[in-house]
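Keeping their order, the protein sequence lines are chains A and B.
Residue 283 in numbering that gives the first Met the number 0 is what sits at position 284 of the first sequence, and the numbering runs on without skipping anything.
Residue 198 in numbering that gives the first Met the number 0 is what sits at position 199 of the second sequence, and the numbering runs on without skipping anything.
In silico EDC-like cross-links for lysine to aspartate or glutamate, where the CA-CA straight-line distance does not exceed 16 Å: (1) B:Lys121 <-> A:Asp229; (2) B:Lys114 <-> B:Glu193; (3) B:Lys121 <-> A:Asp228; (4) B:Lys139 <-> B:Glu149; (5) B:Lys166 <-> B:Asp148; (6) B:Lys114 <-> B:Glu195.
To be clear about the criterion: a stretch of chain B counts as covered by chain A if any three or more of its residues have a C-beta under 8 Å from a C-beta of chain A, and this derived list gives those stretches: (7) 73-86; (8) 122-129; (9) 140-149; (10) 186-194.
Interface residues of chain A toward chain B, partial, derived using beta-carbon atoms under 7 Å: (11) Asp229; (12) Leu230; (13) Ala233; (14) Gly234; (15) Ala236; (16) Gly238; (17) Ala239; (18) Arg240; (19) Val248; (20) Pro251; (21) Thr252.
No lab work stands behind these hints, which were simulated from the structure alone.
Positions of the beta carbon are idealized from the N, C-alpha and C atoms, including for glycine.
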Amino acid sequence: MSMQATPTRPWEKEKTARRNNGLTLLLGALIAYVVVLFTGFAGPDGWAVVLFALAAAFTLFRNRSLSTKERKDSRARLLIAAASVIAFAPWISIFVSVAFKGVKGLRPNFIVSDMRTTTPDDFLDMGGAAHAIVGSLLMVLIATVITLPLGILSGLYITEVRGRFSGVVRVVIQSMSGVPSIVAGLFIYTTFVDATGTFSALAGALALGILMLPTVARTSEEVLKLVPDDLRSAGYALGARQWRSTLIVVLPTVRSGLITAGLLGVARVIGETAPLLATALSNTSFVFNPVSGPIGSLPMYIFGMLQIGTENSINRAWTGALVLLIVVFGLFTLARYVAGKDKR
Amino acid sequence: MEKVDTSVRSEQKGTPMTDTTSNTAVLDTEFAGLETRDAHAWFGDHHALAGVSLQFPARSVTGLIGPSGCGKSTYLRLLNRMHEFIPSAAMAGEVRLHGQDIYAREVDPAAMRLKIGMVFQKPNPFPAMTIRENVLSGLKLAHIKVDDDEALMEKCLTRAGLWKEVKDRLDASGGSLSGGQQQRLCIARSLAVEPEVLLMDEPCSALDPGSTLRIEETIKELAEKITVVIVTHNMQQASRVSDYCAFFLTDGGPGYLVEADKTRTMFTTPNDSRTADYVQGKFG
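In isolation and in its complexed conformation, chain B is listed as follows:
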């Protein structure tokens, strides 16, 4: 199932990457330290994802695009070991963070997930907690002590673009917010533990256009400091928010990576004709 060149690029952190053999992108930026090598995923007997090798550029937004069922969400969940919570799940290949395979036996998944946070499709603030408690919940969950949690909370809410709206009702329940606000609360919550990478699984699919726009602005601001990987069904969103795009596809079998490149290139002059067809809305 090797339809894609999966050659591995330089893994030295900070080295501009060059790639002379691959038909996938030459991502001319600092490497974030997160990459996958020949990653596969299964659900029981169902081979959901095959042979994905990809490196994520630092401090940028990488969009994972492709039609339904092409394995992009599965791939995202491989990146911080959320995949393994599905009882029948299995995987192969490597996911490396700063050269360390996060699936290695000696790796503590909980500690690893602190570095690679996640925002889910459906806003899921903790219903039994206030807005303040929700933002700081990660610290409590992971036993982290900070000197000034009020300042941290304000910083996270500000970065998530929610501070102005909630600063007067921090002790209200997280469930009292609108859907878009709840999703930004979830973003603030995942920022509080200061992850290096933030994975977002269709974060706007349950939201109205206004909220979507707010969150897209938030994502762009976040990318100044951290690395964002976002799954989206929405081509316009991918073109608006992402710096790089990776296009996934399935031919009925397992999903695979077609190509990855700068978003502008992917939307104008992609290497693969299927990418062109997809981004122009000819299928999917």
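Isolated chain A, as found in the complex:
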């Protein structure tokens, strides 16, 4: 038995093959560039079409040297790659266009100032959307504080208590997710806003909560279903009562899943405009008291700025959209980080 050997990777492609692939890619890019320059294929769409056509051509060309099975495999791979690119493209397109159009107004004043002493048509180095950011976060926070426990509890009712009305609760929650957002707003308007006599962050949060609840409850239920029955049995075998076992064994096991449930709920409502129209309205200055009257929010800020319709106000709207995206990403990252600290 020899004790000496050189580590190799027989499953990897040879160097020459890799170099050829690289050269092919370069050649493809060059051809695509020429085609886009001198034909009707222009802009990002043109690039996409040309690059895809080239990739398809290369795949088919290379296929000549392959066996039937390998050929099928590579064709399927091409198709799947194309499908995933097509599915991904709108998202990239939205993000890129929002980023490009929004970055113009993304200045320090945008995230620290409000619009109290600034008109929408003022230069972009005046005024900002800080009041809208604060309003959005405040309302989403209140909505989460109300909805997350309710959602998790209804998930627990379906999966742990398994009460007689489990089926009813599930159906009601499912149908709630079909409620149009404007209806949620009007409902809170006729009940809460009418009764208190004023628009407020709390009213906005309640309307958002109605929209959040189905998402949070459904996700909680799905996540709780993943807890193996073995763990529940182990809890019972240790002399635990059901609520104790749920609290100490079941919920911590799916902590990250429940955080995700809350997060999906937040993502569902943070960009909602319609329910806020009738409940929180909007404001041009900071509001921190959730019951003291109309409050601004990012979606309403974007909506308002678009309605003004001047160049600077539309720029402000794009920047507002960019900030909204950044806030959502920030929340996702934060939640992932918190969830990632699980002991696993």
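Add chain B to chain A, keeping to what the hints say.
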């Protein structure tokens, strides 16, 4: 479905048991206080277990053996009321702990399960807890306060034969251990609430031979202090680890107890020819 003599023996605790009528075992040891009388179990319409009467000797290991589907796991789960968590489950007869029927209305199942612990077929440490938290989880789950939980944890891990391997990483996740270690962690976990009886449902079926041997040693040591009831498919394991054996069988209908006796007797000179056939590997 009475193929077995189900006569009931003396239930006075500590009295050596004598049995002159039964073809089942005369278990010449102190009675653990756990017994079943004419126990039946159903899953919906399916009659899974019929008429099992058995007493468990104290501070010893009783193996429940028999082919698949003979109801021995079902019987084990009757003993600490885990059976009732299956929605269609039903039962009949009595399971008595120190003379008290644990299925009586006034019995609190959670408090009862503190006295009759259970180790499952698949190792199931709580994934969101560290090794330390896993061992002490029973105290937290049942609201029990102890003065020195560190000492208790060390004692339980030592008794489960795991202390040396994990003492330097008590704050690691229970899931980071190997399968055999996880199962010993589960044993340590069930010991922390100081049960009188420990039920084990094929605790080694998912483990390698080395881990199996470690757990068998652990079981033998445990039996110096508590009563162990273990379900096993493995004849060698039953002969290695158990002091008494109860042989279950099914003829296509509900499972029933064929006979119970000292393990040595069951493996050499059992009363029933079917027991002899089974332990010699002629069927099952």
